[in-house]
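Number of protein chains: 2
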Amino acid sequence: MESHFTKIKGGVGAPQGFLTAAISCGIKNPDATRLDLALIHSDVPCASAGTFTTNRVKAAPVKLSQAHLRKGNLRCIIANSGNANACTGVVGIRDAKAMCSGVAKALSLRTSEVGVCSTGVIGLPMPMVRIENRIPELVEKLSPRSGADVAAAIITSDTHAKEVAISFEIDGHTVKMGGCVKGAGMISPSMATMLCFITTDANLSSDCLRKCTLECVEESFNRITIDGDMSTNDTVLILANGKSGMTSIRRNSSACKIFRAALQYVMLALAKAVVRDGERVTKFVTVEVKGARTYLDAKKVAEAVSKSALVKSSWNGGDPNWGRIIHAVGYSRARIREELVDIFINEKAACLGGLQAPTPMDELRAIVAQPDFTINIHLNQGEASYTMYTSDLSPEYVDFNRSEYAYWKQARKDGLV
Amino acid sequence: MESHFTKIKGGVGAPQGFLTAAISCGIKNPDATRLDLALIHSDVPCASAGTFTTNRVKAAPVKLSQAHLRKGNLRCIIANSGNANACTGVVGIRDAKAMCSGVAKALSLRTSEVGVCSTGVIGLPMPMVRIENRIPELVEKLSPRSGADVAAAIITSDTHAKEVAISFEIDGHTVKMGGCVKGAGMISPSMATMLCFITTDANLSSDCLRKCTLECVEESFNRITIDGDMSTNDTVLILANGKSGMTSIRRNSSACKIFRAALQYVMLALAKAVVRDGERVTKFVTVEVKGARTYLDAKKVAEAVSKSALVKSSWNGGDPNWGRIIHAVGYSRARIREELVDIFINEKAACLGGLQAPTPMDELRAIVAQPDFTINIHLNQGEASYTMYTSDLSPEYVDFNRSEYAYWKQARKDGLV
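If you read the protein sequences in the order shown, they are chains A and B.
Counting with our numbering, you get residues 379 to 795 for the letters of the first sequence.
Counting with our numbering, you get residues 379 to 795 for the letters of the second sequence.
For reference, chain A alone in the conformation it holds in the complex (with noise of 0.2 Å):
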């Protein structure tokens, strides 16, 4: 089905109705020469659908997002980058809110039809005093033209800004989505240390988006992971305007078919390029767990190979370590058999059946110092499959999380601590 979706350009601002801005408020750096604010409008109502963390330690605008969505829909996004207004309490939970309102305020909504997203350093208080007198300029920014502008203001320590727009047809109407998102560390399977934002102009009810959201997070977001480490702000968020001009689209017709692949299609899409840009990430690895008893079995080995800090690092220096996959398959607490296990990679077999395999280890090494493979384990004891993205595991990671003192020194010369 990927061959009928048109990469186009204008990410979040690609779909019709859809304004977006962003500006630099000094949270990310003092000096605020980085976009750290950002906005997305749709200037029709929109249905809206958003998967959270499941950390039980939720920030403030977890929360609150999560009660503007049980009270109906959403049609704006406000988010921030450098602080994630998480661990701060009431405090936390009332900046939240005025980061809310006064969009509403600018836009002539009801606080509950914005939803609002932060990233960034645990544990201080927001610099309201920064951000609350700025919304005014942030809604005089919107435009349909500053897609990029989201995906830049979002990011933390990620290389680079994310995005991806696509238009396909539905029906006879062209259907533009788009989408952004923010990743690098804290990134781990049920939902990463990440935002996403969603937009499209296609039509369709909140039931339908809420259940198409939540399976494509499951085959997308919930499969990737750098350092198995889960956020307390992980949050997709999804607006759908209908401007696009189609009738509604209904549950289980072939038009919802063909959204939920273009769905699939741009969070895959979004989730790969997170593990890209990981922190001080050097590979790209794909694990593809295959012949399992069940899919629980094949996820808790893809969990575990995946994970595998000795398994991560040996990917770092490029060594085909196959005793160390099949250790990681064996602690997996998956129903496995040694003697059953085979281990490819790339194709060549690296373990047949538990042991070593022929394949001559410089070849094992080639692939292994490319930046990009695919680790396939069969376990030959059933049909069940399951794949996940994961990342190698670099000195330059650890050396590069070591302290965010520099954190609170600034928070400190701000006289928030």
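These aren't lab readings, by the way, just hints derived from the structure by calculation.
Honestly, I wouldn't trust all of these hints.
No distinction is drawn between identical chains; accordingly, a pair holds when it is met within one copy or between any pair of copies.
As the list claims (entries may be wrong) - DSSO-like mimics (lysine-lysine), calculated; alpha carbons at most 30 Å apart, straight line: (1) K385 with K726; (2) K483 with K635; (3) K726 with K483; (4) K441 with K668; (5) K791 with K726; (6) K791 with K621; (7) K791 with K475.
Here the structure of chain A is known, so what remains is to put chain B in place on it, guided by the hints.
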């Protein structure tokens, strides 16, 4: 009870009636400059017990030692470092058997009285040509004063040998207990990549010894983590030969309590030594969780914090980053309430009620700059507690684990692959 244990010299050779030896066979390095084959032998029959990896991929020596323990009691242990004899199929089983039968023949024992352990690289055949014909020489060297050689012969990437020995009184008899351990990489709860041998001249039944061993392993080795990877070879073996002259310890007697406390003391000392000597570790961190609703909730929180790559990276940088700690508490799947969580670092409050505590940042930084500190996490929801011992994660750990290719090159030179 600890005060009644007197530290003595001699390691696994300290208790009466135990003879030990170690030689260099060139398994660990081809020029045979490092001890890599060890033997522990009791001159009388023993009660014995063992615990083994729960990894479904088990090394050949693990399978064989388990089978021998099922048949009856061990009184000898042969162990090598440099090659794990894991993922080696029927050839591996044959090689492990050959190691046992070689020892049995030289000492006129049944093969099933010999336990066998291997540690090192996974997936390469054992270089038996270097081992088999050296066993008579190993037996020849048995002496009551070479416990330290065994400790040295089992280490791999450890920076130093780790052993302990104590003497204590039971019913007026002086009892001795000695132990040694190897750790360094693939260290995680549910048994580490780790070999641990304990000898004692206490007199007790195998049943009683087995019960004490299971309980003490649960409270020592199963509470440490370095990299979250569980090995294929983890083994704890304990031999008790009764030569102290005491009458046999009955289950649940006061003598049994003293013995159990001594075993717990030795195992915990060795388990902590494994963490302190973890691969490229610079910090020893005790994670104490209190006030959980259940033991399992406390355990989940302790494990999530102790294994988080982001938390461990921050410790490496001397950063008292409570935000990362509480985020791991949140994703642990334990039942916690963010607004009740207090986090202390060496008794100084870092987080109270889920929010930044008033302790000056510099005070917390001074503590985390030290090589040894304790994180206290109070969930304030119940009475259950759990403690784990963990380390930081250093860029040097990842760098160190980037490649085992040198081993493969040597194996090829030896004609093994």
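Enumerated hints in conflict with the structure, sorted upward: Structure breaks hints 1, 2, 3 and 6.
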